[in-house]
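A.B. asks: The primary structure of each chain is shown beneath.
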Amino acid sequence: MNAHTPPPPAPPVGLLVELTHRCPLGCPYCSNPLALERPGAELDGETWKRVFSEAAALGALHVHLSGGEPTARRDIVDLTRHASQGGLYTNLITSGIGVGEKLTNELADAGLDHAQLSFQGADKETNDRLGHYKGSWEKKRAFAAHVIKAGLPLTINAVIHRANLHQVPAFIDLAVELGARRLEVAHTQYYGWALQNRAALMPPRKEVEESIALVEAARVRLKGELVIDMVIPDYYARYPKPCAGGWGRVAIDVSPSGKALPCHAAESIPGLEFWNVRDHSLADIWRLNPAFTAFRGTDWMREPCRSCERREIDWGGCRCQAMALTGDARNADPACHKSPDHERIVATAMAESESGDSALRFRSYKTEKAEA
Amino acid sequence: MTEMDETAEIHSQSRPRLPRGVRLRRDEARGRWTLLAPERIFEIDATAAAVLELCDGERDLKTIVAELAQRYTAPPDAIEKDVAAMLADLKAKRVLET
Chain A
141 MNAHTPPPPA PPVGLLVELT HRCPLGCPYC SNPLALERPG AELDGETWKR VFSEAAALGA
201 LHVHLSGGEP TARRDIVDLT RHASQGGLYT NLITSGIGVG EKLTNELADA GLDHAQLSFQ
261 GADKETNDRL GHYKGSWEKK RAFAAHVIKA GLPLTINAVI HRANLHQVPA FIDLAVELGA
321 RRLEVAHTQY YGWALQNRAA LMPPRKEVEE SIALVEAARV RLKGELVIDM VIPDYYARYP
381 KPCAGGWGRV AIDVSPSGKA LPCHAAESIP GLEFWNVRDH SLADIWRLNP AFTAFRGTDW
441 MREPCRSCER REIDWGGCRC QAMALTGDAR NADPACHKSP DHERIVATAM AESESGDSAL
501 RFRSYKTEKA EA
Chain B
7 MTEMDETAEI HSQSRPRLPR GVRLRRDEAR GRWTLLAPER IFEIDATAAA VLELCDGERD
67 LKTIVAELAQ RYTAPPDAIE KDVAAMLADL KAKRVLET
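Listed in order, the protein sequences are those of chains A and B.
The first sequence lines up with residues 141 to 512 when you count with our numbering.
The second sequence lines up with residues 7 to 104 when you count with our numbering.
By construction, these hints were calculated from the structure, which means they are not laboratory data.
Don't take every hint at face value.
[Claimed, not checked] With a Cα cut of at most 20 Å, we get these calculated SDA-like pairs of lysine to any residue:
(1) B/Lys97 - B/Arg46
(2) B/Lys97 - A/Val367
(3) B/Lys97 - A/Glu365
(4) A/Lys363 - B/Pro44
(5) B/Lys97 - A/Gly364
(6) B/Lys97 - A/Arg361
(7) A/Lys381 - A/Glu407
(8) A/Lys279 - A/Ala212
(9) B/Lys99 - A/Asp369
(10) B/Lys97 - A/Leu292
(11) A/Lys363 - B/Glu15
(12) A/Lys279 - A/Ala310
(13) A/Lys264 - A/Asn297
(14) B/Lys99 - A/Leu292
(15) A/Lys242 - B/Arg26
(16) A/Lys289 - B/Arg23
(17) B/Lys97 - B/Thr40
Since the model is a prediction, treat every value here as computed from it, not as a measurement.
When you get a sec, could you build the whole thing from the sequences and use the hints?
C.D. replies: As C-alpha cells, this is what we get:
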C-alpha cells in the first residue's frame, strides 16, 4: 500500500447541519462555538439543498437539521422537503420555541421523520432559568403536543449537569407524560460554552453514579414504552468517547456559513483548514479536505493511543478535548485513564464539582462581542 | 418464552406496517437494505425488504404471504412461519407495528 494514496474513506452515515446560530435560548453549555456566526453569513436555501443532494449521493442516510434553532430559518419547510425527497431520514433538533401547530404540520407534510425537543429542566422554574428564556416551558410542552398530534415520533433531549442532575427521574416522567418514544439523558460535554461554565456545571461523581443507576433501573421498568439513551460525563469515565464516532469516519457537520467540519467543535483546533461547501463538493471535502484527513484512522496517533488495543474503538477519544485540556490535539483525550493528564483533570473536575460556584455565563452573540 | 409470545402476536389477520419515523430504504452506497429509525440504522436482507414493501397496514399477513407465495412459487405455509418470525423480531425492536 502506497502511504500517499490512501484508499477512499467509507461514506459518511450522517450529515449534521447547523442551519443557523440564531436561537431564542441562551443555554450555558451550548454546543455552538464561542464565536457564533452572524445571520448575514448564512448559506442560502439553494446551497443547502445542493448539500443535501450531495450528502445523499455520497451515502449519508440521516440528516440532522440543527442550529441554533433551525426553525428560525424561514425556509425550514422547503429545506426539510428537499432533504426528505432526496431520500435522507430527516431529524429536526429544536428548542420548540416558535414552532406552532401550523408549522409542525407543515414540517410533517414535508416529510419530517422525527423531532428531537430539548428541555433544560424538568420543571418550569429550572427549565426557564437554564434556557435563559421565560415562558419556554409552556412553549416546549405545546410543541411536544403538536408533534404527537401530527403522528411524528418524539425524542426528549435533556442535557444534564450539576444544576439539574437531581431531576433525572423527573425528566424520565416528563418524557413519558409527553408521549416521547425516546429520551436522551446527555451529560454535558465540556467544550466551548460548557468549558467556560465548567465550574458551575460539573456534577459530583457520587451523584453522577447514582443518576446512572436510576436510568438503568428506569430502562428495565419502561422497556417497550420509552428508550433511554445516556451519554455519561467522560471526565468520570475509564475510556474516552470516540469523537463523533471517529474523526472523519461517520459524520460531516456543516456550519451556518458553509464550513464543513469533522465535528461541531473542530474549529477550536488551530492550524486546520476547513473547506466551504460553497467552493467544494461534499464528496471532495470528505475525501480530500486536510481537516478531515488530519485525524482520520490511526496514523496520526502517539502513545498511549498508537499501541492501545482500543485504538479502533475509541479512535483516541475527542481531539477537541485533547486540545482544550492538554494544549495539543494529537495527545490522547485526557478522559482516558491511560492519558498522563487524566488524574489532573479528574482532580480538577472533582474540586470544581464541590466549589459551590453557580455563576453561569449564558450563550449569546452579545457576550462574544463584549469579549472581543 | 418472551420470544414465543411475541411471535404469537403476529397472526394471519395482523396488518403490519412501518410506523411513522421508520423508513425502508435501499442503501446504494453500501449495497444493502436498511430500516432507518431515530438515531438508529437496522441492516436487513433483501428478502426482509421484499416482505416489508408489502407491509402497508392495509394487507393482512395472509394476503402478504399469498403474494409472496405466488412471487416465489413456494408453499404459503412455509412462508408464513418465516415471515411471522421475522416480523415479530422487528416488532420487538419497535420498528414495526401491527
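A.B. asks: Are there hints from earlier that the structure breaks, and if so, what are their numbers?
C.D. replies: none
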